[in-house]
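Peer 1: Listed below are the residues making up each chain.
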Amino acid sequence: MIEFTPRKIQSSFWTILSPIISITMTILIGSLIFKILSYPVIESLYQVFVSPFSRPDRIADIFVKACPLIIIGLGLIFCFKANIWNIGAEGQFILGALCAGSFALLFPETKTYTLLFSMFLIGFVGGAIWASIPAILKVRLNVNEILVSLMLVYVAMLFIDFVVRGPLRDPMSFGFPLSKVYPDGAIISKVDFPFIGFLGQFHYGIFITLILCPLIWFFINKTLPGFQIKIFGSSARASEFAGFNKNKITIYVLLVSGGLSGVAGVIEVSANMGRLQPEVSFGYGFTAIIVAFLGRLNPYGVVIAGIIIATAKLGADNAQMVLGIPKVVTGIFEGMLLFFLLAGETIQKYKISIRKDN
Amino acid sequence: MTNNLDAMTFIEVKNLSKTFDQFLANDSISLNIKKGEIHALLGENGAGKSTLVKCLYGVVKPTAGQILINDNHVIINNPREARSYGIGMVFQHFSLFPALTVSENILISLDEKITKKHLEDKISITAKQWGLSIEPTKKVLDLSVGEQQRVEIIRCLLQNPKLLIMDEPTSVLSPQEINQLFKVLRKLANSGCSILYISHKLNEIKQIASKVTILRSGKVISSTDTSKISTTSMAEKMIGKKVKKITKISKSSYLNLSTAISINNLNRKKLSQFGTELKKISFNVKYGEILGIAGVAGNGQVELMNALSGETLGDPDEIIFENKKIGNTNIKFRRNLGLEFVPEERNGHATVPDITLTENTFLTFYNAYSKNNNFLDNILLSSNMSSNDSISIIKDNDVRCPYSNPLADQLSGGNLQKFIVGRSLKANPKVLIISQPTWGVDIGAASEIRSKLLLLAKAGKAIILISQDLDEIYEISNKICVINNGSLSTPKITSKISATDIGILMGIN
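Those protein sequence lines, which keep their order, are chains A and B. Residue numbers for the first sequence follow this note's numbering, so the first one is 1 and each next one is one higher. Residue numbers for the second sequence follow this note's numbering, so the first one is 1 and each next one is one higher.
Warning: the hint list may mix true and false statements.
Stated by the list, open to error - Below, a list of computed lysine-lysine pairs in the DSSO-like style, where the Cα atoms sit at most 30 Å apart:
#  : chain 1 : residue 1 : chain 2 : residue 2
1  : B       : Lys237    : B       : Lys270
2  : B       : Lys280    : B       : Lys430
3  : B       : Lys452    : B       : Lys332
4  : A       : Lys230    : B       : Lys280
5  : A       : Lys246    : B       : Lys280
6  : B       : Lys325    : A       : Lys246
7  : B       : Lys270    : A       : Lys138
8  : A       : Lys222    : A       : Lys246
9  : A       : Lys246    : B       : Lys395
10 : B       : Lys325    : B       : Lys426
11 : A       : Lys246    : B       : Lys279
12 : A       : Lys230    : B       : Lys426
13 : B       : Lys270    : A       : Lys246
It is worth saying that the hints were derived from the structure and are not from the lab.
Modelling step: build the complete structure from the supplied sequences, incorporating the hints.
Peer 2: So this is what it looks like as structure tokens:
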């Protein structure tokens, strides 16, 4: 019988070794899969793991890809730490982008910084409102937030689809479901690095993650509202015994998380698309759930996890473009990576021994 | 008690040891139980009683040592084998399916094949023979705790056991039920069946057992006839040090005191499907007084605690504290007024297991701290005050920590309870409402906690003590009432209410 005994003290040996083992295992088993599917093993591995780092502009694009994942993931920390299962970040992302975009298109004359600032604010509010629906239903009627938030994703998708085909369609778009291009003031520009120039799509929005991460770390670890989330998630009865209001906590974590998803939506559209279209997200809201857990619900961990997942996604793109390896195959890589990282966590936390008798 | 001096030994344990990892749970234990003997096994939590018994019943395999039954070496690999050797066991926590009937429950656990009708007859005959009244066709969920225990006993008796192991059998019973159980046990012993009786209640052991073996830290400390040892020296041997005597305040000094808190017609709905509805509960507690609320578990104690603490709310005038109607106020508000609470559940209610003691101090104190702080200090977690307070709680209450400021779940149950009680005393409450303060706590820690409560009452504070432990209630309360099925009896002065009265109020005859 295999026995798991919790380690009293975290072993630093295993803490360092377990991610290395996880990545090695992913590479080994991944090679096996490439071999079985008769793709060139070394070349495939190079495309998936190395090519995203092979040029400065590609490295910059990792950050571009990671940016929305990290911002949504940072918001999800609030919910998941409180044991509130917000699965609808995708919808909140869309609503944030939609609200901010509508504002930019309706008031294109607003001054640059006022316009961008208002868009962030409106995007936050838009995402928060979308998240407030599961929050209020949960508090008032005890409706499961997983179902409501998830179903609202599809409502949001259909809603933005309607808006760009109907009220906000650009008359000059030749029938394509696209809005007008944003006014210049609503665009987040690319970073013109001194001496280097532009690097891929690297834009100023990425710096927002750098500000948000320490801010959220401080909030969660050093303030009373942050402490309340942790206690509420760890034991709800103790949190009530302490006198924390569970309804307030439920509502506020969902609002913060929805708001941050909304902000991620604003950045993504303003920096990379410049107009509203039926598809503004590529599953960022769902992928960010993995990012939040892979980052162990720690803001700095989420940044690292966001970069890892973004790298995997870009590596998959490259492998598809260069070698024609279908995305599903590289999707297996992401799955394996996640699987082994979580399995590695078990080795860190538990001592595993095999006993013969009962 | 029967005279068993020349009786034969049924089971003998020789130098039995059991280690878990590095931990030595049983350290070369030797024990011998004669036929028809009621043999008590006494020890604190963690002394190794359960491990020893599990070895006998084949649940756990000993690391070293021998077990002899009727002078033959045996190796007991699993409970089924134990049963085939004539060993039966009644666990502290019953393993019955509530939705099945008595006979169905017994049927699924029997090793032999038998029809239900035949079994029902057999149950009735066995029940009659031993005086265990039970209806075989009743569903277990309709049975009281005492009746459920009878089902477990009958289940063992049907296998004609030579040795019956009973693990803390009286912890859930009313005084009347305990007497009934003892009658059955004596009858069994007289018929030649040995009984291994595990308990930490000294009076009971004196009353029922002829021999007692005392365990401490996995070793046998003493094994003698119960007639040759006093309860005090049993207790001392069990905990390894002297037990302090504690004294109640005399009756006269509290009779003229003013009312601290009064509860008037308090009603609450069930918390869950298996909860109990509170019906028109009314009582007063004066300053300097301890009111004991006795009752069998699951009769509304949890609901009452929640109503008193403000975790469930009702009408304002249901609870009146110093002329303020507070029945609809939350726990934070009540703490501000000077009420303090110790709920029954230590982990996950009174404390959060995975945070430090300092943080756990902050948990119930942050509101008090906020009075002296400015806005920014209240948003930021300032750990200074809670750190100082938790250090002094640990010191004042002799909380043994593995290292300074450990996580709550790294303390043993008794030490964590001392910390929780200490934390509530540190708040300097006017009224303390405390539920099952010494449940699962070893006797040393329990007596410390009880004397702290008496000191608090002596200092003129009011205490409401909800407890299943009748000895505890008698030991420290000035007045006693009983909660039964969500209703509370009228409080009576301790000296004027007998254990029999309490049993009747518990609704069991």
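Peer 1: Does each hint hold? Answer for all of them.
Peer 2: Verification of the hints:
1. B/Lys237 to B/Lys270: Roughly 44 Å separates the two Cα atoms, so the pair is violated.
2. B/Lys280 to B/Lys430: Within the cut-off at roughly 25 Å; holds.
3. B/Lys452 to B/Lys332: Answer holds: lysine 452 of chain B to lysine 332 of chain B is near 24 Å, not above 30 Å.
4. A/Lys230 to B/Lys280: violated (37 Å)
5. A/Lys246 to B/Lys280: holds (28 Å)
6. B/Lys325 to A/Lys246: holds (24 Å)
7. B/Lys270 to A/Lys138: holds (21 Å)
8. A/Lys222 to A/Lys246: It holds: about 20 Å lies between the C-alpha atoms, which stays within 30 Å.
9. A/Lys246 to B/Lys395: violated (33 Å)
10. B/Lys325 to B/Lys426: holds (25 Å)
11. A/Lys246 to B/Lys279: holds (27 Å)
12. A/Lys230 to B/Lys426: This hinted pair holds, its Cα atoms lying about 25 Å apart.
13. B/Lys270 to A/Lys246: It holds: about 20 Å lies between the C-alpha atoms, which stays within 30 Å.
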